[in-house]
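Quick mapping for you: the protein sequence lines, in order, are chains W, P, E and R. Under this note's numbering, the first residue of the first sequence carries the number 22, and numbering increases by one thereafter. Under this note's numbering, the first residue of the second sequence carries the number 22, and numbering increases by one thereafter. Under this note's numbering, the first residue of the third sequence carries the number 22, and numbering increases by one thereafter. Under this note's numbering, the first residue of the fourth sequence carries the number 22, and numbering increases by one thereafter.
Hints in this document: simulated from the structure, not taken from any laboratory. Fair warning: there could be bad hints in the mix.
Copies of the same chain look alike in the list, so a pair counts if it fits in one copy or across any two.
[Unchecked claim] Each computed DSS-like pair below joins lysine-lysine, with the alpha-carbon atoms no more than 25 Å apart:
#1 Lys119 x Lys95
#2 Lys291 x Lys200
#3 Lys146 x Lys363
#4 Lys95 x Lys146
Each chain is listed here by its residues.
Number of protein chains: 4
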Amino acid sequence: MKPIRLGMIGGGNDAFIGGVHRIASRIDGRFQLVAGALSSTAEKSKASGAALGLAEDRCYGDFTEMAKREARLKDGVEAVAIVTPNHVHYPAAREFLKRGIHVICDKPLTSTLADAKKLVAAAEKSDALFVLTHNYTGYPMVRQAREMVRQGDIGNVRVVQVEYPQDWLTDPVEADGSKQAEWRTDPERSGAGGCVGDIGTHAYNLARFVTGLQLESLAADLTTFVEGRRLDDNVHVMLRFDGGAKGMLWSSQVAPGNENGLRLRVYGDKGGLEWAQEDPNYLWFTPFGEPKRLLTRNGAGATAGNQGASRIPPGHPEGYLEGFANIYNEAADLIVAARDGKMPDHLLPTVQDGLEGVAFIDACVRSSKRDAAWVKL
Amino acid sequence: MKPIRLGMIGGGNDAFIGGVHRIASRIDGRFQLVAGALSSTAEKSKASGAALGLAEDRCYGDFTEMAKREARLKDGVEAVAIVTPNHVHYPAAREFLKRGIHVICDKPLTSTLADAKKLVAAAEKSDALFVLTHNYTGYPMVRQAREMVRQGDIGNVRVVQVEYPQDWLTDPVEADGSKQAEWRTDPERSGAGGCVGDIGTHAYNLARFVTGLQLESLAADLTTFVEGRRLDDNVHVMLRFDGGAKGMLWSSQVAPGNENGLRLRVYGDKGGLEWAQEDPNYLWFTPFGEPKRLLTRNGAGATAGNQGASRIPPGHPEGYLEGFANIYNEAADLIVAARDGKMPDHLLPTVQDGLEGVAFIDACVRSSKRDAAWVKL
Amino acid sequence: MKPIRLGMIGGGNDAFIGGVHRIASRIDGRFQLVAGALSSTAEKSKASGAALGLAEDRCYGDFTEMAKREARLKDGVEAVAIVTPNHVHYPAAREFLKRGIHVICDKPLTSTLADAKKLVAAAEKSDALFVLTHNYTGYPMVRQAREMVRQGDIGNVRVVQVEYPQDWLTDPVEADGSKQAEWRTDPERSGAGGCVGDIGTHAYNLARFVTGLQLESLAADLTTFVEGRRLDDNVHVMLRFDGGAKGMLWSSQVAPGNENGLRLRVYGDKGGLEWAQEDPNYLWFTPFGEPKRLLTRNGAGATAGNQGASRIPPGHPEGYLEGFANIYNEAADLIVAARDGKMPDHLLPTVQDGLEGVAFIDACVRSSKRDAAWVKL
Amino acid sequence: MKPIRLGMIGGGNDAFIGGVHRIASRIDGRFQLVAGALSSTAEKSKASGAALGLAEDRCYGDFTEMAKREARLKDGVEAVAIVTPNHVHYPAAREFLKRGIHVICDKPLTSTLADAKKLVAAAEKSDALFVLTHNYTGYPMVRQAREMVRQGDIGNVRVVQVEYPQDWLTDPVEADGSKQAEWRTDPERSGAGGCVGDIGTHAYNLARFVTGLQLESLAADLTTFVEGRRLDDNVHVMLRFDGGAKGMLWSSQVAPGNENGLRLRVYGDKGGLEWAQEDPNYLWFTPFGEPKRLLTRNGAGATAGNQGASRIPPGHPEGYLEGFANIYNEAADLIVAARDGKMPDHLLPTVQDGLEGVAFIDACVRSSKRDAAWVKL
């Protein structure tokens with residue numbers, strides 16, 4: 022089967038997440054990168070593209086130009102990955118969606134709620150797919166956790182504890198030449214949420230994905246600890262879900278000793294589930310009143326979703342890139358199905374999930390401004 | 022050196038914490054149990070006392086009677102341990118304090134804020150000591166954590182995450198004959214806080230002890246998940262400390278898979294510290310920008326406080342009972358010193374800490390009633 | 022019930038294990054230390070005894086003198102704890118056993134196989150009890166592991182991996198004033214085995230206790246890594262058990278980063294069990310083909326032996342001292358029963374276990390001298 | 022840069038390791054699979070090839086035919102991956118090597134020592150590269166461990182403990198239709214070693230790679246626990262290295278609860294290192310006398326080799342496939358360099374490492390037959 026022709030918006034030199042998307046798209050051999058608007062000038066884009074083996078005439082300095090030309094090419098891109106800073110997501114996605122080119126877009130969906138709504142409209146109007154890379158949902162044990170909640174293994178969910186601490190912004194590195202830190206702490210490019218937008222939204226999405234619960238309201242206390250920083254770097258949120266479950270979300274970029282400590286714990290009236298991103302091949306399950314069990318990726322007791330998201334037998338760890346690749350792999354399934362006008366059931370994060378995420382960020386910012394008052398979603 | 026003559030109020034058959042106090046008082050050989058008002062009738066008290074080897078005439082059915090008589094005996098008790106349900110703490114302590122008998126009292130201090138204030142007054146008026154058994158502060162690694170914060174190893178504290186999940190009240194066991202559950206979910210005996218009073222207050226005290234920070238305000242969302250239960254069984258609190266640090270506290274008695282998951286994480290601008298009660302011989306320390314270090318009880322890098330609270334070399338775990346015994350051991354030091362009219366520096370939880378704990382419970386309950394509004398302390 | 026009157030041989034100032042025995046004897050309140058030959062001179066013995074609150078005339082400079090006098094006293098010791106260097110175990114035990122005084126003795130049984138055999142004879146001839154403090158067998162999860170093997174939870178045992186690494190002898194500290202290191206590396210006082218006698222024998226005993234398997238033969242490679250050291254400091258042994266199970270034993274005192282890393286793993290044709298002394302409240306159990314389970318002290322799925330060896334609910338860790346105290350507590354049961362001429366079933370290590378341990382050391386030394394040839398036991 | 026044209030020998034349907042090699046070759050985009058002798062008949066090979074997107078005329082039923090034809094093609098394969106059962110490694114490699122086509126070959130090198138020696142000769146005579154996929158050496162933390170040993174961080178190595186337990190052969194699944202189990206327990210296809218060849222050799226290679234030590238002699242006790250099995254399923258080996266270090270190696274396929282528990286611990290006179298394959302992003306380092314440190318992939322304290330083998334920042338776990346891909350990636354570097362007649366320094370396992378591995382297997386089998394006598398290497 023021929024690989025799907027992929028383009029990339031953003032992801033030139035120095036970009037972290039662009040490289041991740043490229044590896045993720047390659048792991049299962051379903052995509053081939055053939056074009057890109059990798060940087061904001063044609064020259065830089067060509068330089069980055071050359072290093073990636075792209076033909077010079079498929080390297081663009083402008084995503085609109087790229088969308089227009091690729092749409093006309095016989096072998097033009099079938100899908101694009103958008104891996105720019107957040108404020109570019111909407112305008113870039115729009116150009117491709119309206120030309121029927123599938124979009125795989127990094128999170129959060131957009132830098133503003135207004136843009137998010139416009140992007141939802143654009144996606145709904147388009148025949149093309151829109152996939153948001155909330156990549157943590159691609160981990161096999163996260164899939165298993167979701168299935169176990171759905172099939173009632175922990176009963177009715179009561180308590181949801183989710184957290185995502187990091188430490189890389191402990192010092193004001195954005196003033197010190199770190200490009201990654203620069204745009205992520207810049208409200209023009211990131212939006213009104215700093216830590217809450219960058220990683221709080223991942224934590225929120227993970228809790229939503231696994232529990233299936235809808236957030237009813239939240240009370241958020243956002244803090245900027247580093248002097249001179251323009252956005253929050255620590256996020257405390259109390260959560261109330263439809264149906265009565267309660268939760269807490271903590272995300273931080275100033276917690277020394279934490280690399281990417283995304284961790285979810287869900288407790289119901291019949292059991293509990295615990296998962297940590299840094300040790301992703303494990304899922305702890307306690308049926309209430311029985312010993313705790315250590316479930317493993319593709320191991321004994323693996324659900325269909327765990328198995329289906331695994332490539333190799335248990336005990337040989339799969340990691341972040343494989344979880345990310347699962348999103349790409351399933352996007353490829355949808356793209357192939359779409360050729361025949363079909364849209365099978367899937368678990369991929371959609372533009373609606375993206376809107377929810379931006380609404381979550383927006384609600385956190387609003388709540389925090391009102392001294393952590395409860396805000397409905 | 023002769024052991025200190027100890028009495029016990031509460032702690033008859035079926036009591037959990039009474040047995041713990043007895044073991045803790047024995048481990049270092051500094052106390053000898055000689056009298057008790059172990060139950061609410063003379064008969065039951067004598068039965069429990071006989072099993073403990075107490076002389077029949079030193080077993081009382083009433084703590085006031087006991088206080089009166091023991092105070093007159095030549096070899097009467099020098100100190101008493103109060104291990105009753107919370108509402109008895111104040112009236113019992115009062116009787117002994119006013120007769121100059123030292124009091125070692127379980128937490129929380131009292132079941133009401135009014136009682137707590139009266140007990141503070143009683144303790145201040147008395148020549149006798151009052152020690153509150155916030156036993157977790159007796160763990161060697163907790164002592165080390167406190168010292169490291171004080172000596173600046175993690176810089177200025179920014180974020181404090183503390184939690185104490187359990188699962189034993191997942192089902193309505195108080196309706197099913199569990200005496201432990203019965204009084205702990207009964208507002209008459211426990212006070213207005215359920216989970217927040219029973220274990221939330223431990224978590225709060227631990228955070229205070231280690232960081233030295235004063236709580237400025239809190240916003241609490243208390244929940245009762247189990248139908249028919251009369252007190253909260255899950256506690257979510259956002260914390261603001263004097264000086265700008267922020268925190269979260271979660272305690273729960275309905276989180277399946279958690280036995281006694283007390284855990285503290287403190288992050289400053291120079292490093293982080295992480296400790297978990299279930300693995301108490303370890304303390305994780307990350308100087309920002311360096312690899313994480315695993316500090317151990319009495320091991321390499323142990324501070325004076327860690328060494329002083331340890332009995333045996335590293336690698337042979339000490340546990341909950343030894344941490345508890347450290348409180349007793351240090352109380353013995355104070356009692357001996359008090360004989361000479363001295364009062365050395367010490368780290369033992371005082372009646373003031375007890376008042377703070379009850380004020381914390383009270384603030385949580387008030388905040389929660391006002392939809393988690395911020396409440397000053 | 023009156024505590025049992027206990028004497029101690031050895032355990033003066035600077036001794037590690039004497040202090041452990043004293044705490045262990047106190048935890049459950051069954052013993053009271055009343056006499057001792059704590060040091061080799063009457064003067065030192067009195068000094069140590071005074072610090073422990075012993076009457077001056079019960080502090081002896083000689084264990085024979087002590088045995089003679091205490092045997093005649095109306096309130097003389099009922100039992101003694103022998104906590105001297107190994108070469109004193111036999112002569113000391115003999116004096117008490119022949120006078121009908123119970124003996125609780127540290128391991129290994131003796132410093133030579135000849136002495137071990139004599140001690141067996143002495144114990145068999147005596148009406149008094151002889152208990153060897155292979156204290157690790159007192160841990161609740163070790164008790165559970167033994168029960169699970171017996172009841173077939175892992176099927177027929179095939180593989181036994183046991184290890185006990187430490188690091189405190191990485192440097193030649195015996196030449197540097199460490200008294201602990203001095204006698205433990207001295208063949209006159211320790212016997213022909215260094216590391217193998219000090220901790221290898223613990224590992225061996227633990228494997229025996231849990232699996233119930235008899236060792237058929239072994240091949241041992243003992244090494245002295247530290248220049249000038251007189252005994253082995255690293256032990257590699259291959260094991261063959263009756264019935265066909267195989268195993269490996271590693272103990273070391275030169276493995277940096279290991280405090281007291283005693284660890285046992287047992288695999289049968291139906292499942293596996295894994296336990297580590299430094300985290301003693303956990304036991305890992307895998308029924309073959311099912312997820313691994315984390316069993317806890319006194320927690321869900323606890324066997325009778327686990328529960329019976331626990332004092333407090335799960336989640337509040339018990340440690341080394343409580344495991345040790347279980348040996349004392351059960352010895353107290355036997356001593357009380359012996360007053361009535363009874364000897365109930367028990368799990369305490371006996372003089373026969375001690376002989377086995379010394380035979381194990383002897384076999385290791387012999388095998389190693391013959392280039393790790395197989396030696397029968 | 023154009024990807025390197027890759028062929029594959031073996032790896033048709035049902036094969037585990039073929040799929041792993043394909044993913045590993047794709048992750049960094051340096052190879053493109055264009056041809057294959059995926060199965061032993063042309064028909065099956067075409068079927069497997071079609072599923073992989075290979076052109077029909079590049080799917081062969083015979084590796085010799087493939088070698089001949091591809092060598093003549095203008096766009097023939099530049100390299101082949103050999104992923105067959107062991108006994109095919111040599112004949113297949115020979116055909117490609119003699120035609121100047123690079124070979125990337127799975128381990129162990131061959132099924133017999135005689136074949137191994139012939140393959141060494143063939144590789145030495147050829148201008149083409151020969152790379153053996155001892156993939157665990159590709160893990161970033163393994164690279165760091167090797168560098169730390171070399172730079173003296175743990176001093177002179179004294180003790181090496183390595184193990185690789187699995188449990189998938191606990192039952193006689195080879196008699197029950199498992200193709201993986203079938204050939205791995207068949208001496209005709211695997212060679213004289215079962216577990217020792219399949220995973221013992223990985224453990225040995227890892228110890229060699231990290232410590233740099235040469236094995237001087239070994240004493241091996243190989244066991245077949247499962248009735249009717251034709252090769253060993255449990256391996257106990259004592260090791261003596263040049264220079265005096267000692268070690269133990271345990272590998273097992275009948276240890277329930279172990280998935281792929283490869284684990285290495287190395288202790289020197291200045292410190293210790295510990296690494297476990299199932300949690301590969303961590304490396305534990307203890308400088309003797311200091312607290313243990315948790316080093317992470319690409320994290321604080323990462324060496325050049327750790328960084329160079331990492332794709333993404335710390336805290337986002339890389340796994341088995343990325344470690345494997347590092348071997349492919351570095352092979353690509355060599356292949357590209359070879360085009361210019363260069364051969365840069367590298368860490369890839371060579372045909373000599375392969376010979377060492379087969380010699381290790383052979384020595385284990387010989388020793389075991391002689392009742393675990395010491396055998397020189």
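Item to check | Violations among the numbered hints | outcome: The structure breaks none of the hints.
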